[in-house]
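Protein chains in written order, with the working numbering: chain A, 6 to 86; chain B, 1047 to 1252.
By construction, these hints were calculated from the structure, which means they are not laboratory data. Virtual Cβ for every residue (Gly too), placed ideally from N, Cα, C. Certain hints may be false.
[To be verified] Simulated coverage check for chain B against chain A, where a stretch passes if three residues somewhere in it have a Cβ under 8 angstroms from a Cβ of chain A:
#1 1138-1152
#2 1162-1171
[Stated by the list, open to error] Pairs of lysine-lysine residues, derived as DSS-like cross-links and limited to a Cα-Cα distance of at most 30 angstroms, are as follows:
#3 B:K1223 with A:K28
#4 A:K40 with A:K28
#5 B:K1146 with B:K1186
#6 B:K1075 with B:K1223
#7 B:K1128 with A:K40
#8 B:K1128 with B:K1189
#9 B:K1215 with B:K1245
#10 B:K1223 with B:K1182
#11 B:K1106 with B:K1216
#12 B:K1215 with A:K28
#13 B:K1215 with B:K1106
#14 B:K1216 with A:K28
#15 A:K40 with B:K1164
#16 B:K1138 with A:K40
#17 B:K1164 with B:K1245
#18 B:K1189 with B:K1138
Okay, here's what each chain looks like letter by letter:
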Amino acid sequence: MTDQNEDVVNPADETGEAFPSFKIVSCRFGSYIIKIRLTPTNEFVDIVEVSFDSDFRSIRQRNQIGGFHNVSDLYEEREEK
Amino acid sequence: MQYYNNATSGVFRMGDIVRGFVLGAAKQKKPNPNPRDYQVSLCNPDFSVILTPCCSIGYKTLALAPLLQIQPSWLENPFFEKDLTNINREMKPEEAVSQKIWERLGDQERQQRLQSGKANALLEWFVYPPHQLIGKYRLKSQKGEIEVGHYAVDFRWTFRVECEAVANKKQVPIEAKVLELSVEARNELRIKLSAYFGKVPDEDRI
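Given these sequences and hints, build the entire structure.
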């Protein structure tokens, strides 16, 4: 697992009553993004989703500073009269 | 993407929206080794954003930038109007301006810009999406006066404040904290800040 993001959710059951809080954590694993459900104490519950990561860059490459679009001068604020 | 955490942690993090800080700057017409003519300008914005990296928070000092209204001209770009937080992420060259401006650029300039592929634009800015805790405001746009809930920080407007209560990341005046970014949103802020400080000007390119 290379990096992960957390979301805290309180899904409700069919009667509308809330389940105890779970966290859904997204983890990158090779070419895949796996979302797993954890309890607030980080115990594994189940796998929510497995999807393909279309961003093939490594973390180092993603965070690398590249070029930029020089457009600041193309946005003109009109002065109020 | 969820931009704000539902519950805030009990520490200060980079990207946090805080309130109650006074921001100050010295104003001079020009620098002078023996300054005699200068003014001190203070402001107390409703909200500010912490720009000190998480691990460096403490030592009774914070880097803060005021939370500002968005620039109305951004709304003239449909890609930004659809989602103003698109400003925070890399985009294609043709997405960085409106179709009208893109067509006005000319073939040669368009070709040059297309070569850069996906990259950041408006490097000085990071947009915060609406949240009930930061409220809305009226903005005069091309389409008339509208209600807006998005705010933005301009990295050029970074102030340093001294605060006795900021001893370290955990010993802070936590009552000043209003909202905390999610892990993903904070990573976007970190990357945008890196792009802002790390851009290589044309005159330095080899």
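Hints, one by one, checked against the model:
1. Counting residues of the region 1138-1152 of chain B whose CB lies closer than 8 angstroms to any CB of chain A gives 4, so the stated coverage by that chain holds, three being the minimum.
2. With a threshold of 8 angstroms between beta carbons, the proposed coverage of the region 1162-1171 of chain B by chain A holds, since 8 of its residues qualify and at least three are required.
3. Annotation: proposed proximity of K1223 of chain B to K28 of chain A holds, straight-line Cα distance about 23 angstroms (limit 30 angstroms).
4. Restraint check for K40 of chain A and K28 of chain A: the C-alpha separation of about 10 angstroms stays at or below 30 angstroms, so the hint holds.
5. This hinted pair checks out: K1146 of chain B and K1186 of chain B have alpha carbons roughly 21 angstroms apart, not beyond 30 angstroms.
6. For the given pair, K1075 of chain B sits about 36 angstroms from K1223 of chain B by alpha-carbon distance, which is inconsistent with the 30 angstroms threshold.
7. Only pairs whose Cα atoms come within 30 angstroms are accepted, and K1128 of chain B paired with K40 of chain A is accepted, the gap being roughly 27 angstroms.
8. For the proposed pair K1128 of chain B and K1189 of chain B, the alpha carbon gap of about 15 angstroms is at most 30 angstroms, so the pair holds.
9. Between K1215 of chain B and K1245 of chain B, the direct Cα distance comes to roughly 29 angstroms. Compliance with the 30 angstroms bound is thereby established for this hinted pair.
10. Straight-line distance between C-alpha atoms of K1223 of chain B and K1182 of chain B comes to about 19 angstroms, which keeps the hinted pair within the 30 angstroms bound.
11. A threshold of 30 angstroms between alpha carbons decides the hint, and for K1106 of chain B with K1216 of chain B the separation of about 12 angstroms falls inside it, so the pair holds.
12. Between K1215 of chain B and K28 of chain A, the direct Cα distance comes to roughly 24 angstroms. Compliance with the 30 angstroms bound is thereby established for this hinted pair.
13. As the CA atoms of K1215 of chain B and K1106 of chain B are separated by approximately 10 angstroms, the hinted pair is consistent with the 30 angstroms bound.
14. In summary, the hint linking K1216 of chain B to K28 of chain A is supported, as the alpha carbons are separated by about 23 angstroms, within the 30 angstroms threshold.
15. About 27 angstroms separates the Cα atoms of K40 of chain A and K1164 of chain B, which keeps this hinted pair within 30 angstroms; it holds.
16. Restraint check: the Cα-Cα separation between K1138 of chain B and K40 of chain A comes to about 28 angstroms, which is no more than 30 angstroms; the hinted pair holds.
17. Distance check on the hinted pair: K1164 of chain B and K1245 of chain B sit about 15 angstroms apart at the alpha-carbon level, within 30 angstroms; holds.
18. As the CA atoms of K1189 of chain B and K1138 of chain B are separated by approximately 26 angstroms, the hinted pair is consistent with the 30 angstroms bound.
Checked against the numbered hints given earlier, the structure breaks only hint 6 and satisfies all the rest.
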